[in-house]
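Engineer: Residue numbers (the numbering used here), protein chains in the order written: chain A, 1 to 81; chain B, 1001 to 1160.
It should be emphasised that the hints constitute simulated quantities derived from the structure, not laboratory data. Some hints could be false.
So, partial list: chain B residues that the calculated Cβ filter (under 10 Å) puts toward chain A [what the hints assert, rightly or not]:
no., residue
1, S1006
2, L1035
3, A1094
4, P1097
5, F1114
6, A1144
7, V1148
Partial list, computed: chain B residues near chain A (C-beta under 10 Å) [as the list claims (entries may be wrong)]:
no., residue
8, A1002
9, W1020
10, R1105
11, E1108
By construction, the Cβ of each residue, glycine as well, lies at the ideal position given by its N, Cα and C atoms.
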Amino acid sequence: MSLVAAELERQGVATVAIQLLREVAERVRPPRALYVPFPHGYPMGLPGDVDTQRHVAATALRLLESPSLVPPLLVDFQAEG
Amino acid sequence: MATLDSLRLTDRIFVRTYPWRRIDPVPWTPLAKPLSASRLALVSSAGLVLPGQEPFDARVRGGDFSFREIPTDADVRAFIDSHRSDAFDHAGMASDPNVAFPLDRARELAASGFVGSLNRRHLSFMGSITAPGRLVLDTAPRAARLLVEDGVDVALLVPV
Chain A
1 MSLVAAELER QGVATVAIQL LREVAERVRP PRALYVPFPH GYPMGLPGDV DTQRHVAATA
61 LRLLESPSLV PPLLVDFQAE G
Chain B
1001 MATLDSLRLT DRIFVRTYPW RRIDPVPWTP LAKPLSASRL ALVSSAGLVL PGQEPFDARV
1061 RGGDFSFREI PTDADVRAFI DSHRSDAFDH AGMASDPNVA FPLDRARELA ASGFVGSLNR
1121 RHLSFMGSIT APGRLVLDTA PRAARLLVED GVDVALLVPV
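When you get a sec, could you build the whole thing from the sequences and use the hints?
Structural biologist: Next up, the structure:
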């Protein structure tokens, strides 16, 4: 996914990638990434947990609007509540 | 939480020893307009296909580097899991494909105005590509061109 993200950025599409393994994100360096504390197979959260899934998506997308960020950007997801 | 310790020994050794391709320099496209005016596309590597689409091919050496186009009006419940990896639990996305291809969540974010619109298509890859040369040289540039032609501003990438 990170390699696809990099190509999208090269062609002018801003990207943010969900990341499940911090070690891999730190080595590969996708342009913008949200590290989520979920198991493999569950990048957006649990099945049917609409609120968390939407919160993950919105949090990831909001990274795109932060003006003062420098690539590569790796941010930890904070669950609500 | 997905940590190296949560993986099987063979997968843990793989993650630690695999020569991950470092992105350098890191390309960077700033957001050109507010999210509320931006067009969003999803890109997932969960190996999901729709009925009638060719499943990903587990026999391709180095990993199947192809991708499928997913129309934005697709029913996520119709997704078929063709991911070859047994290194992750497939039960979550079998129960609710939004876990790995959050198309319903993207629709909600567009309906609420959080993002301006959804693109007419999204992209599905299969991860576990251990030899990414053809992905880097061929399919990733082609996939990116499709989204550029569509006028996509932002992409959310979801590995599994």
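Engineer: Taking the hints in turn, state whether each one holds.
Structural biologist: Hints versus structure:
1. Interface restraint check for S1006/B: the shortest CB-CB distance to chain A comes to about 7 Å, inside 10 Å, so the restraint holds.
2. With a cut of 10 Å, the hint placing L1035/B at the interface with chain A holds, because the nearest CB-to-CB distance is about 6 Å.
3. Hint on A1094/B holds. Least Cβ distance to chain A is approximately 8 Å, under the 10 Å limit.
4. Interface hint status for P1097/B: upheld, as the beta-carbon distance to the closest one in chain A is roughly 9 Å, under 10 Å.
5. With a cut of 10 Å, the hint placing F1114/B at the interface with chain A holds, because the nearest CB-to-CB distance is about 6 Å.
6. Interface restraint check: A1144/B against chain A, minimum CB-CB distance 4 Å, threshold 10 Å, status holds.
7. Because the smallest distance between the Cβ of V1148/B and any Cβ of chain A comes to about 5 Å, under 10 Å, the interface hint for this residue holds.
8. At a threshold of 10 Å, the smallest CB-CB gap from A1002/B to chain A is about 4 Å, leaving the interface hint in force.
9. Hint status for W1020/B relative to chain A: holds, with the closest Cβ pair at about 5 Å, below 10 Å.
10. Given the 10 Å rule on beta carbons, the hint for R1105/B holds: about 5 Å separates it from the nearest Cβ of chain A.
11. Given hint, E1108/B at the interface with chain A, holds; its Cβ is 6 Å from that chain's nearest Cβ, closer than 10 Å.
Hint compliance for this structure: every hint is met.
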